[in-house]
Amino acid sequence: MLTVDFSRFPLAPGDRVLDLGCGAGRHAFECYRRGARVVALDQNEEEIKEVARWFAAMEEAGEAPGGATPPPNHGDALALPFPDESFDVVIISEVMEHIHDDKGVLAEMVRVLKPGGRIAVTVPRYGPEKVCWTLSDAYHEVEGGHIRIYRADQLLARIREAGLRPYGTHHAHALHSPYWWLKCAFGVDNDKALPVRAYHKLLVWDIMKKPLATRVAEQALNPLIGKSFVAYATKPHLPPVDAA
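Per this note's numbering, the very first residue in the sequence shown carries number 617; after that it's consecutive.
Careful, some of the hints might be misleading.
As a list, the in silico DSSO-like pairs of lysine-lysine whose alpha-carbon atoms are at most 30 Å apart [said to hold, decoys possible]:
#1 Lys-808 to Lys-825
#2 Lys-746 to Lys-826
#3 Lys-808 to Lys-826
Don't read these hints as lab results, they were simulated from the structure.
Could you build the full structure based on these sequences and the hints that come with them?
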């Protein structure tokens, strides 16, 4: 289930991509399939090991073009272990709402991004996320949980302040908002509640079968209750220095 829309965020074979806070690796895998040279980075060492296993399995199955070599990394988003201007593309999906120093994270991403490079940032959308916080303290008051809710204009302002130029936005995963509202209403850890179990089956069916009805419904509902807000931006080229 991808949050970044690669029709709006073009990726060329051979692009060097950083998937920052990669989690289970969903965007890293898609970039890998498209022939990118992917670096997947996360603080969770167990998830990095699992991502590495999946990359190896994909390579063995011939699911990625030659040269798309993916070395997963364990690291800190506030002190990226990479040289300046070393990536063509940076993706940070559902991560910034967890980090106190979000300006510091953006600064690090800008540092490692090449001039002319592209960045995709996704965060929980304000409205659906606010409903979750209202229904359940346990939803966000956990170690490593969400510490803020972004408004769209606030996130875009952060991106501009970091020196990036936003060029597009959209919302995603409308069908997932009601699921999390149900989880918050019946207990975040209560997966046995009938409405939660029933809706989860619907989501699994949707992800596995991709029926037209749910695809159309989600596209129609995304502007209203899309669970994620997605922003795309570029790093401008610096003007030439006048030697005189």
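Quick rundown of the hints versus the structure:
{"no.": "1", "hint": "Lys-808 to Lys-825", "in the structure": "holds, 24 Å"}
{"no.": "2", "hint": "Lys-746 to Lys-826", "in the structure": "holds, 28 Å"}
{"no.": "3", "hint": "Lys-808 to Lys-826", "in the structure": "holds, 25 Å"}
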